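K.L.:
The listed protein sequences derive, respectively, from chains C and R.
In case it helps, the working numbering puts the first sequence at residues 1 to 191.
In case it helps, the working numbering puts the second sequence at residues 1001 to 1265.
Since the hints were made in silico from the structure, they are not lab data.
Being a predicted model, the structure only gives us computed values, none of them experimental.
Each residue gets a CB set at the ideal place from its N, CA and C atoms; glycine is no exception.
Do not rely on the hints blindly, as some may be mistaken.
Unchecked claim - Quick list of in silico lysine-lysine cross-link-like pairs, DSS-like style, CA-CA up to 25 angstroms:
no., chain 1, residue 1, chain 2, residue 2
1, R, K1065, C, K16
2, R, K1248, C, K132
3, C, K132, C, K170
4, R, K1248, C, K140
5, C, K38, R, K1065
6, C, K119, R, K1065
7, C, K167, C, K129
8, R, K1248, C, K129
9, C, K170, C, K153
10, C, K129, C, K175
What the hints assert, rightly or not - Going by beta-carbon spacing under 8 angstroms, a handful of chain R positions derived as facing chain C:
no., residue
11, I1007
12, L1010
13, A1039
14, L1043
15, D1046
16, D1058
17, V1066
18, N1067
19, Y1167
20, I1250
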Amino acid sequence: MGSFSNSHLIEGIIEKRRAVIQFMYEDYFPYILAMVEKNSGTIQDAQDIFQDGLVALYLRCRDRELLLNCSLRSYFYAICKNLWLQRLERKYRMVFQPDLIIHEREERYRLQETLTSEKRLARYRLFWKHLKGLPEDCQKVLMMYMDRIPYKKVAEILGFVDENYAKMKKYHCKKALIRRIRRDPELPNCI
Amino acid sequence: MDDNLNIDELIYRYHEGELSGKELEDFLRLVASDPAVRADAELEGDLSDFLRDRDLLDFLDMLDKVNTRKRPGFGLNNLLLAALLLVMIALGSFWLFRNPIYRVHPMLHNPVTQQGAGQNYSSGATEVFPHRNSPGYPLIPATLPERGEKKEKPEELLAVNFRPLAYMEEMVGVVSRAASFRLLQPGCDLSVTPGDTLQYRWLKENRGELSFRVINNQGETMISRDDIPGASMDLPLTRWEEGLYYWKFIEGDQLVNVGKIVVRK
């Protein structure tokens, strides 16, 4: 796997290119793991923060909010560090220790607090986890709803009796999703 | 109960845009006055927004597909497996140590240099690998303890091999980004059995000579390979004792990658 320039990476993230995301996992994760473990976190914490960091980066790239004046790796590291700081403060009430692996001056890419909300990203992770935990037919109905496919068409595609059944199905699936999310012990940390 | 169902229904219909007129006004009044209803409505609103963001969902889906680094959590199945493994180790240890003429010898009390144990890398390759069942490292008959002498427990002797080496442990997973070397496989934290062969693969620009070292948990260098050519090499574990080992790649005089290997039968 070769290396990518910043612009290739950003373009790849926006276009959700597998090779680019794979590269980021290979290349960036060790830094985030070292930073999190150095600051009282576990591998699981590092994986969560890394995923949240990727989502935050994706949203910024997609919404054209990314102003890069350093390497993307440094920028991404700053995003993850910011997220981990928020989580430490919220969950563990601990103090962050400076990391020695990244040597670049952080002032160059200090982030605005409002751009990255750890709770918001944790909420997305929670929603996604429970969406993927739903039965397959429920996922399909909800996906079609997201794609704004009319109920009549949904009924045709999924072999339901009629559009009313498709509508009811979507209602029950969304309710089931909400119930799962509300029962999750992680929810209070995300709201 | 019915009230709760009604409120859930109202929240759902509100986010679907199905409320209007007096029904909508009543709902908004309820949301303003009841924090619990407001929290539920906000949560469901967030969820609706999330579900409508198809791009984001596609991105999350891609992350799931790519996320090969994700290590599984220590779920019930893993706990059962771990318990089973512990029982097997305990039974094996009991069987092994029941016989008083054998005892586990902690690694490297008496290292022995063995020539030609590794692969042909360069003339400078050195491998020092003691094994209690290998030539030059015979099984040691236990002497019966003197009266009053403290007898070492077998599990304590074996545990010595797995005691982490603090300064190496801290470096596991460290990757230098200044170097041209990038390790593709394996990961930095491996668990293997004796007899396995590890394959290392990497990408590297021709900047400096690449060296490889394996260090045991007592800080002693077990394998030393210098000027490694190509982009891969095999590390056979046929002669390895159970225990904890660390490896590192060095490019020129710069440490570029560190990992560890747990060898367990």
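K.L.:
Each hint should be assessed against the structure and marked as holding or not.
P.N.:
Here is how each hint holds up against the structure:
| no. | hint | result |
| --- | --- | --- |
| 1 | R:K1065 to C:K16 | holds (11 angstroms) |
| 2 | R:K1248 to C:K132 | violated (39 angstroms) |
| 3 | C:K132 to C:K170 | holds (15 angstroms) |
| 4 | R:K1248 to C:K140 | violated (48 angstroms) |
| 5 | C:K38 to R:K1065 | violated (28 angstroms) |
| 6 | C:K119 to R:K1065 | holds (24 angstroms) |
| 7 | C:K167 to C:K129 | holds (23 angstroms) |
| 8 | R:K1248 to C:K129 | violated (37 angstroms) |
| 9 | C:K170 to C:K153 | holds (13 angstroms) |
| 10 | C:K129 to C:K175 | holds (15 angstroms) |
| 11 | I1007 | violated (12 angstroms) |
| 12 | L1010 | violated (13 angstroms) |
| 13 | A1039 | holds (7 angstroms) |
| 14 | L1043 | holds (7 angstroms) |
| 15 | D1046 | holds (6 angstroms) |
| 16 | D1058 | holds (6 angstroms) |
| 17 | V1066 | holds (5 angstroms) |
| 18 | N1067 | holds (7 angstroms) |
| 19 | Y1167 | violated (15 angstroms) |
| 20 | I1250 | violated (17 angstroms) |
Violated hints, listed in ascending order, are 2, 4, 5, 8, 11, 12, 19, 20; each of the other numbered hints is respected by the structure.
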